[in-house]
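Next come the chains, spelled out residue by residue.
Number of protein chains: 2
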Amino acid sequence: MTDLLEDDLGTWRRTHYSTNIDPSLRDQEVIVMGWVSSVRDHGNITFIALNDRFGHIQIALKKKNCPKDLLNKIEGVREHTSIAVKGKVKYEMKAPNSAEIIPLELKILSIAKKSSPFPIQSRQSVGIDTRLDLRAVDLRRPLLQSIFNIRYTVLNSCRDFLKEEGFLEVNTPKIIATATEGGATLFPIFYYNREAFMAQSPQLYKEQLTMAFENVFEIAPIFRAEPSRTNRHLSEAISIDVEKAFADYSDVTILLEKMIVYIINKIKENNKFHLNYLGATLPEVTMPIPRYQYSELVEMLQNAGESIEWGDDLAFQKLQKIQIKNMDSFYFIVDWPSAIKPFYVKPNPKQPRVCESFDLMFKSLEISSGSTRIKNKDELMDRMKQQGLKVEAFDSHLRIFDYGIPPHAGFGVGLERLMMSLCNVDNIRDATLYPRDIDRLTP
Amino acid sequence: MTDLLEDDLGTWRRTHYSTNIDPSLRDQEVIVMGWVSSVRDHGNITFIALNDRFGHIQIALKKKNCPKDLLNKIEGVREHTSIAVKGKVKYEMKAPNSAEIIPLELKILSIAKKSSPFPIQSRQSVGIDTRLDLRAVDLRRPLLQSIFNIRYTVLNSCRDFLKEEGFLEVNTPKIIATATEGGATLFPIFYYNREAFMAQSPQLYKEQLTMAFENVFEIAPIFRAEPSRTNRHLSEAISIDVEKAFADYSDVTILLEKMIVYIINKIKENNKFHLNYLGATLPEVTMPIPRYQYSELVEMLQNAGESIEWGDDLAFQKLQKIQIKNMDSFYFIVDWPSAIKPFYVKPNPKQPRVCESFDLMFKSLEISSGSTRIKNKDELMDRMKQQGLKVEAFDSHLRIFDYGIPPHAGFGVGLERLMMSLCNVDNIRDATLYPRDIDRLTP
Chain H
1 MTDLLEDDLG TWRRTHYSTN IDPSLRDQEV IVMGWVSSVR DHGNITFIAL NDRFGHIQIA
61 LKKKNCPKDL LNKIEGVREH TSIAVKGKVK YEMKAPNSAE IIPLELKILS IAKKSSPFPI
121 QSRQSVGIDT RLDLRAVDLR RPLLQSIFNI RYTVLNSCRD FLKEEGFLEV NTPKIIATAT
181 EGGATLFPIF YYNREAFMAQ SPQLYKEQLT MAFENVFEIA PIFRAEPSRT NRHLSEAISI
241 DVEKAFADYS DVTILLEKMI VYIINKIKEN NKFHLNYLGA TLPEVTMPIP RYQYSELVEM
301 LQNAGESIEW GDDLAFQKLQ KIQIKNMDSF YFIVDWPSAI KPFYVKPNPK QPRVCESFDL
361 MFKSLEISSG STRIKNKDEL MDRMKQQGLK VEAFDSHLRI FDYGIPPHAG FGVGLERLMM
421 SLCNVDNIRD ATLYPRDIDR LTP
Chain R
1 MTDLLEDDLG TWRRTHYSTN IDPSLRDQEV IVMGWVSSVR DHGNITFIAL NDRFGHIQIA
61 LKKKNCPKDL LNKIEGVREH TSIAVKGKVK YEMKAPNSAE IIPLELKILS IAKKSSPFPI
121 QSRQSVGIDT RLDLRAVDLR RPLLQSIFNI RYTVLNSCRD FLKEEGFLEV NTPKIIATAT
181 EGGATLFPIF YYNREAFMAQ SPQLYKEQLT MAFENVFEIA PIFRAEPSRT NRHLSEAISI
241 DVEKAFADYS DVTILLEKMI VYIINKIKEN NKFHLNYLGA TLPEVTMPIP RYQYSELVEM
301 LQNAGESIEW GDDLAFQKLQ KIQIKNMDSF YFIVDWPSAI KPFYVKPNPK QPRVCESFDL
361 MFKSLEISSG STRIKNKDEL MDRMKQQGLK VEAFDSHLRI FDYGIPPHAG FGVGLERLMM
421 SLCNVDNIRD ATLYPRDIDR LTP
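Residue numbers (the working numbering), protein chains in the order written: chain H, 1 to 443; chain R, 1 to 443.
It is worth saying that the hints were derived from the structure and are not from the lab. You may find that some hints are simply not true.
Repeated chains share a single entry, so a pair holds when one copy, or any two copies, can fit it.
What the hints assert, rightly or not - The calculated SDA-like cross-link candidates involving lysine to any residue, where the alpha carbons are at most 25 Å apart (straight line), are:
no.	residue 1	residue 2
1	Lys-321	Ile-308
2	Lys-363	Met-300
3	Lys-377	Ser-115
4	Lys-62	Asn-20
5	Lys-94	His-16
6	Lys-94	Lys-272
7	Lys-90	Val-30
8	Lys-107	Lys-258
9	Lys-62	Ile-308
10	Lys-258	Thr-230
11	Lys-163	Lys-266
12	Lys-114	His-397
13	Lys-163	Lys-268
14	Lys-88	Val-354
15	Lys-363	Glu-165
Bear in mind that the values here come from a model prediction, so they are computed numbers and not experimental data.
Just need the whole structure built from these sequences, with the hints factored in.
The structure is reproduced here in C-alpha cells:
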C-alpha cells in the first residue's frame with residue numbers, strides 16, 4: 001500500500017477549497033486537497049467525503065469509466081487519509097454545495113495506518129482523556145472545528161474592537177521575579193542561576209504601560225498552579241487583558257459590555273454554520289448589562305437562608321440559589337469588599353470598606369474581573385502591607401509611581417470561559433487546543 | 001502641593017485626543033488629558049506641552065487673564081505630571097496642528113515626585129540599564145513610542161495578511177513535557193509534582209494542527225535559556241509561527257516574502273510620522289527576494305579565504321565578509337545541510353545530505369527559519385535517533401502521524417529581529433517592552 005504513497009506534492013497545487021466548488025465551475029478541472037472523512041462503496045460507484053479547512057466536498061468515482069491506477073489507489077484510501085484529487089466539477093443536487101468532483105487523477109499524500117478510537121462525525125464522543133491523548137485527530141471533529149473557528153472570530157473581533165477604541169496591543173514578560181497577586185498559585189522556574197516564576201497575569205505591567213501608551217491590551221497566556229480538578233479551571237489559559245488611562249471602573253465596565261456585544265454580533269455574522277452545528281444559541285445581550293451590588297446579593301442570599309456574611313466571597317454554588325433577572329446570561333456584580341480584592345484595586349474614597357470593582361458573570365461563571373486601580377504610591381504600599389505582601393518585592397513596580405502615572409482602570413477576560421459562555425461548552429478543556437491541568441502535561 | 005491633587009476624574013472625561021485638536025474646533029470647549037513633556041515659562045505666558053497616546057498639544061496659559069486657582073495649580077505641574085485640561089481651542093500657526101488650548105480649568109491627576117534620570121525628547125540617551133530600570137518612564141520617549149507604534153502595525157498587518165491567506169490563529173501550550181529541538185536551551189519548571197519546561201517554540205504543536213486546521217499561525221512568546229549577552233538574543237521573545245498543509249518549502253518561502261512586503265507597505269501607510277521621527281528608511285523589497293544556495297555561499301566564503309567547510313553553520317561574522325547583491329537587505333539562504341537543521345526538517349529525497357530548508361536573512365541577522373517538514377513517522381524517528389534524541393520522549397507527538405497528517409511546511413519569524421530590520425533598532429532590547437536576558441529579570 002505504501003508504494004502508492006507520494007513522497008511530495010510534485011507540481012500539484014490546490015486550485016480551490018471545498019467551499020469554493022459549486023455548479024458555476026461545471027466541467028472545469030480543479031485540484032482539491034484534504035483528508036477523508038468517509039468512504040462509501042456502492043458497488044459501481046464510490047463516494048469519498050474530502051474535508052478541508054473550510055468544509056467538505058464529495059468525490060464520486062464511477063468504476064466503469066475509471067482508469068485502472070485510480071481504482072488501485074482508491075483501495076488505499078480510508079478515513080483520515082490525506083489525498084489530492086484532480087478532477088472535473090459536476091452538478092449534483094444532493095451533494096454539498098450542489099457540486100461533486102469526478103476524479104481523473106489521485107495522489108495519496110499520507111496514509112492513515114490506524115482507525116481512530118472515536119467517531120469523527122458524532123457530537124457525542126468517548127471520554128475526554130481518550131480524545132486528548134490524540135488531540136490533533138480529535139480536532140478534526142466538526143464539533144471542535146466549530147468551536148475553534150468561533151474562537152478565531154472572538155480573537156479577531158476583540159482586537160478589531162480595541163483597535164477602534166484607540167488601544168495598543170502589547171506583550172509583557174511571562175517570566176517574572178515576583179508574584180503579582182500573592183504567591184500561592186505560582187509555578188517556579190529555574191531561571192539561569194536563580195528562581196523566577198511564570199506570570200499569573202500581566203496586571204502590574206499593563207498598569208505601568210498606561211504611563212506611556214494610555215490604552216493597552218494583551219492577549220496572551222497566563223499560568224496558575226491551581227491544584228483543582230474542575231470543569232472551569234486550567235493551569236494555562238489565555239487572558240484578554242485591557243487597561244485604560246484617564247478612566248475609572250464605570251468607564252471600563254461600559255467598554256467591556258460594548259466589547260461583548262461587538263463580539264457576539266461578529267459571531268452572528270461570520271459563524272452561522274458553526275453555531276448551527278453546535279446547536280448553540282448566542283446569549284441575548286442588551287445594553288446596559290444589569291449591575292448588582294455585592295451587598296444587595298449578600299442580602300438576597302441571606303434572605304434565601306444561605307449562611308453568608310458581608311465580606312465573604314460569592315461562591316458560585318450559592319449564587320445558583322437565587323433567582324434574579326439575567327442570572328441566566330451576563331450580569332455584573334459591582335462594589336466588592338476591599339479586603340477580598342487584590343492590593344491594586346482602589347477603595348472607594350467615600351466608603352473604603354468597598355472598592356471600585358466589578359466581576360462580569362455568565363450564569364454562575366466568572367468571565368472577567370475589573371476595577372479602578374490605585375495610582376498613589378503610599379496608598380498602594382499600605383494595601384500591600386494589609387494583604388501581607390512584602391513591599392520590597394515590588395520595588396521595580398513601585399518606583400514608577402513617582403513619575404506621574406495617570407489614573408487608570410482595566411479588566412481581564414478569561415478567553416476560555418468566554419468561549420464556554422458563548423458556545424455552550426461544558427468542559428473548559430474543549431475551549432482550548434491542548435489543556436494543561438494538574439494531571440495533564442501532554443500532548 | 002499634594003492638596004492640589006485630585007483623587008479621581010470626577011465627572012470629567014476626555015473629549016478629544018491631541019491629534020484631533022485643530023483650527024476647525026476654534027472657540028469650542030474641549031477636555032484633553034495626558035502627561036506633561038515640558039513646561040516653558042515666558043513670564044506673562046506659560047506653555048505646557050501635553051502628550052497623549054497619539055501626539056501632543058500646546059496649552060497656553062496667559063497669566064494676566066487667568067483665574068487664581070489655575071495659577072496656583074500650574075505651580076504643581078512639571079515634566080511627567082498627569083493632568084486634565086478644560087479649555088478653548090485657539091488658532092495658533094506655530095503650535096502643533098496649528099491649534100492650541102487656552103485653559104479654563106485644570107486637574108492635577110498624578111504628581112511627578114522625581115525628575116527623570118534621562119531626557120525625554122532626546123534620541124540619544126543614557127545607558128540602557130538606567131532606562132530599563134525605569135522602563136515605563138523610558139517608554140514615554142518619542143523614540144520608543146515610534147518603535148512600539150510601528151510594532152503594532154507589524155502585528156496587525158501580519159494577522160490581516162494571514163487571515164486573507166486562509167490561516168487560523170491558534171494558541172499552543174507554553175508549558176511542555178519535552179524539548180522541541182534538543183534540550184540545551186530550556187528553562188525547567190516545577191509543575192505540581194514533576195518537571196516540565198517552558199516552550200522553546202510551538203513547532204510540534206503547529207505541525208500537529210495542520211491535521212485539523214491545515215493553515216495555522218500563532219504569535220506568542222518563546223523561551224530560550226541562551227546564556228549569551230549579545231544585542232540580538234533575548235531569553236523571552238515573540239515568535240510569529242506559521243504552518244501550512246499541502247505545501248512545501250518553496251510555497252512558504254513565497255508566503256513569507258509576500259508577508260514581508262505586505263507588512264512594509266502597511267508601515268508606509270500608517271506610520272509616516274514614526275518613521276520620520278526614527279529617521280528610518282524601510283528596506284526596499286522587490287519580489288522575488290534573492291535566494292542563495294547554502295553551498296554557493298560556502299564556496300564564496302572559501303574563495304574569500306575563510307576557513308569554512310561544507311556542513312558548517314554560517315556564522316554572521318563570516319557572512320559580513322562577502323559582498324553579494326542584496327546582502328544589505330533581505331535575502332534567503334536555501335538548501336542547508338540536513339545535519340545542522342532540526343530533526344523535523346525534510347531531507348531532499350533526491351539528495352538527502354541537503355534538506356528542504358531556508359533562512360530569511362536581513363544583512364547578517366537571521367529573521368526567520370523555515371522548511372518542508374517530515375510527514376512520515378519512520379523517517380521522523382530515524383532523524384530523531386541520528387540527532388541523539390530520545391524517541392520515547394516524543395511519543396504523544398509521534399502517535400498522531402498514524403492518522404494521515406498532510407504534507408506541510410512552515411516558518412517562524414522572530415518579531416523583535418524583524419523590528420530591528422525594519423526600524424534600524426541596534427539593540428534587540430529596544431524592540432521589546434520588558435527584555436529578559438541572563439542578567440535581567442525586572443521590571
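Hint by hint, here is what the structure shows:
{"no.": "1", "hint": "Lys-321 x Ile-308", "result": "within (12 Å within a copy, 75 Å between copies)"}
{"no.": "2", "hint": "Lys-363 x Met-300", "result": "within (16 Å within a copy, 68 Å between copies)"}
{"no.": "3", "hint": "Lys-377 x Ser-115", "result": "between (62 Å within a copy, 16 Å between copies)"}
{"no.": "4", "hint": "Lys-62 x Asn-20", "result": "within (23 Å within a copy, 67 Å between copies)"}
{"no.": "5", "hint": "Lys-94 x His-16", "result": "within (20 Å within a copy, 58 Å between copies)"}
{"no.": "6", "hint": "Lys-94 x Lys-272", "result": "within (21 Å within a copy, 54 Å between copies)"}
{"no.": "7", "hint": "Lys-90 x Val-30", "result": "within (11 Å within a copy, 65 Å between copies)"}
{"no.": "8", "hint": "Lys-107 x Lys-258", "result": "neither (49 Å within a copy, 28 Å between copies)"}
{"no.": "9", "hint": "Lys-62 x Ile-308", "result": "neither (71 Å within a copy, 59 Å between copies)"}
{"no.": "10", "hint": "Lys-258 x Thr-230", "result": "neither (30 Å within a copy, 45 Å between copies)"}
{"no.": "11", "hint": "Lys-163 x Lys-266", "result": "both (15 Å within a copy, 15 Å between copies)"}
{"no.": "12", "hint": "Lys-114 x His-397", "result": "between (54 Å within a copy, 15 Å between copies)"}
{"no.": "13", "hint": "Lys-163 x Lys-268", "result": "both (21 Å within a copy, 19 Å between copies)"}
{"no.": "14", "hint": "Lys-88 x Val-354", "result": "neither (70 Å within a copy, 38 Å between copies)"}
{"no.": "15", "hint": "Lys-363 x Glu-165", "result": "neither (28 Å within a copy, 38 Å between copies)"}
Going down the numbered hints, you'll see the structure goes against 8, 9, 10, 14 and 15, while the others check out.
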